[in-house]
Amino acid sequence: MLSKFNSRYFLSLLLGILLVFGIYVQYKMVPMVSDQRKIGTTYMTMNNTFYKIVNAEIEKEVDSRGDILYTRDPALSVDKQCEQIQSFIEKEVDVIIINPVDSRSQKITEALNKARQKGIYIVVVDSQLQDSQVAHVTIVSDNYQAGVLDARHMIENVPSADILILEHKDTLSAVDRIDGFLDTIAENPQYRIVAKRESKGQTELAMPAVHAAIEEGLHFDVVMALNDQSAIGALAAIKDKSLSHKISIYGVDGSPDMKNLLRNTEDIAATVAQSPVNMGVQTIQSAYAMMEGKPSQTVITIPVHLLDKSTIENSDVEGWQ
1 MLSKFNSRYF
11 LSLLLGILLV
21 FGIYVQYKMV
31 PMVSDQRKIG
41 TTYMTMNNTF
51 YKIVNAEIEK
61 EVDSRGDILY
71 TRDPALSVDK
81 QCEQIQSFIE
91 KEVDVIIINP
101 VDSRSQKITE
111 ALNKARQKGI
121 YIVVVDSQLQ
131 DSQVAHVTIV
141 SDNYQAGVLD
151 ARHMIENVPS
161 ADILILEHKD
171 TLSAVDRIDG
181 FLDTIAENPQ
191 YRIVAKRESK
201 GQTELAMPAV
211 HAAIEEGLHF
221 DVVMALNDQS
231 AIGALAAIKD
241 KSLSHKISIY
251 GVDGSPDMKN
261 LLRNTEDIAA
271 TVAQSPVNMG
281 VQTIQSAYAM
291 MEGKPSQTVI
301 TIPVHLLDKS
311 TIENSDVEGW
321 Q
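Counting in full-length UniProt numbering, the sequence shown runs without a single skipped number right up to 321 at its last residue.
Check each hint, because a few of them may be wrong.
[As the list claims (entries may be wrong)] Pairs of lysine-lysine residues, derived as BS3-like cross-links and limited to a Cα-Cα distance of at most 25 Å, are as follows:
1) Lys-107 - Lys-60
2) Lys-91 - Lys-118
3) Lys-38 - Lys-294
4) Lys-60 - Lys-91
5) Lys-294 - Lys-239
6) Lys-80 - Lys-52
7) Lys-60 - Lys-294
8) Lys-114 - Lys-91
9) Lys-114 - Lys-60
10) Lys-80 - Lys-107
11) Lys-294 - Lys-246
12) Lys-80 - Lys-169
13) Lys-196 - Lys-246
14) Lys-169 - Lys-196
15) Lys-38 - Lys-52
16) Lys-80 - Lys-114
17) Lys-91 - Lys-52
18) Lys-60 - Lys-38
19) Lys-38 - Lys-107
20) Lys-294 - Lys-118
The set of hints was computed from the structure by calculation and includes no laboratory data.
Hey, can you work out the whole structure from these sequences and the hints?
Here it is as structure tokens:
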């Protein structure tokens, strides 16, 4: 009886030793864990599916390599984004991918320079920094051309117009879009800018801004919005106020919501499509190229294209391009 008990005890002890040894081999003998790359991403807001799509492409590649991705949302706060950069430094990430809350912010510039001094690569996406030397790589859509394309479409389809501009002055990509639009109509006096309103590219800010403009008695028959989210906010305000005259609404993004409105209603004149899928792929490819010591372009500009009633039928309206 005692011998049988001793045999069972010995067998249990042996199995325990083998289990401990197996764990030791897995974590000490296999170098994969210690070789993991760490990447931090912070976008001005995740209240925008554009950035979710960009990040999904990044996450897909990071996961396929067994590396670590930290994703943060500063919710349009410069201070929060700076705190996130500091957290990435403390985590000793290899790359910081950032869409800056404020392209001109000295706080963000200083935080990123601190990261650079620690040997961390900086990739800026969707909007460049005013101090372009901070970034190792900047990846943006052709934002100026987006404004040009919207303006050309308006000139071809609207003989004259009073124009309301919805802008985001803190973001250079948005500034470039509005500049492209304004430069294109500059020699055409029949197109008048009657007001500019700040929207930060958010539907929930654009709607009350346009509400207020209507209540002030402002007349406009074109809305040029820096992005689709603010264009949809403008549309909501116009519908809410039951304006009877035709208003042509222009956006930039090519979001699924905007494409559905363009295909199925008469409410939208056009949008200029950019590709968050391509942006995400280009971003993570550049990040790994730098980590692997390979050459990478310092500025990557992704082409854009106009979508209107004549071209929307050839587009996928359910997803991003």
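Hint-by-hint comparison with the structure:
The hinted pair formed by Lys-107 and Lys-60 fails the criterion: a straight-line CA distance of about 31 Å is larger than 25 Å. Only pairs whose Cα atoms come within 25 Å are accepted, and Lys-91 paired with Lys-118 is accepted, the gap being roughly 11 Å. At roughly 18 Å between alpha-carbon atoms, Lys-38 and Lys-294 fall within 25 Å of each other, so this suggested pair holds. In summary, the hint linking Lys-60 to Lys-91 is supported, as the alpha carbons are separated by about 21 Å, within the 25 Å threshold.
Of the supplied pair hints, the one linking Lys-294 and Lys-239 is violated, its CA atoms being roughly 52 Å apart against a limit of 25 Å. A hinted pair counts as satisfied when its Cα atoms are at most 25 Å apart, and Lys-80 with Lys-52 qualifies at roughly 19 Å. A threshold of 25 Å between alpha carbons decides the hint, and for Lys-60 with Lys-294 the separation of about 21 Å falls inside it, so the pair holds. With a CA separation close to 14 Å, the supplied pair Lys-114 and Lys-91 stays within the 25 Å bound.
Only pairs whose Cα atoms come within 25 Å are accepted, and Lys-114 paired with Lys-60 is rejected, the gap being roughly 28 Å. Only pairs whose Cα atoms come within 25 Å are accepted, and Lys-80 paired with Lys-107 is accepted, the gap being roughly 11 Å. The straight-line distance between the Cα atoms of Lys-294 and Lys-246 is roughly 53 Å, outside the 25 Å bound, and the hint therefore fails. Simply put, Lys-80 and Lys-169 have alpha-carbon atoms about 19 Å apart, close enough for the 25 Å limit, and the pair holds.
In summary, the hint linking Lys-196 to Lys-246 is supported, as the alpha carbons are separated by about 19 Å, within the 25 Å threshold. Between Lys-169 and Lys-196 the alpha-carbon distance is near 10 Å, which keeps this suggested pair within the 25 Å criterion. Pair hint Lys-38 plus Lys-52 holds up; C-alpha atoms about 19 Å apart against a cutoff of 25 Å. Between Lys-80 and Lys-114, the direct Cα distance comes to roughly 16 Å. Compliance with the 25 Å bound is thereby established for this hinted pair.
Distance hint between Lys-91 and Lys-52 is fulfilled; the C-alpha atoms sit about 23 Å from each other, no more than 25 Å. Simply put, Lys-60 and Lys-38 have alpha-carbon atoms about 14 Å apart, close enough for the 25 Å limit, and the pair holds. For the hint pairing Lys-38 with Lys-107, the CA-to-CA distance comes to about 23 Å; that is within 25 Å, so the pair holds. At roughly 20 Å between alpha-carbon atoms, Lys-294 and Lys-118 fall within 25 Å of each other, so this suggested pair holds.
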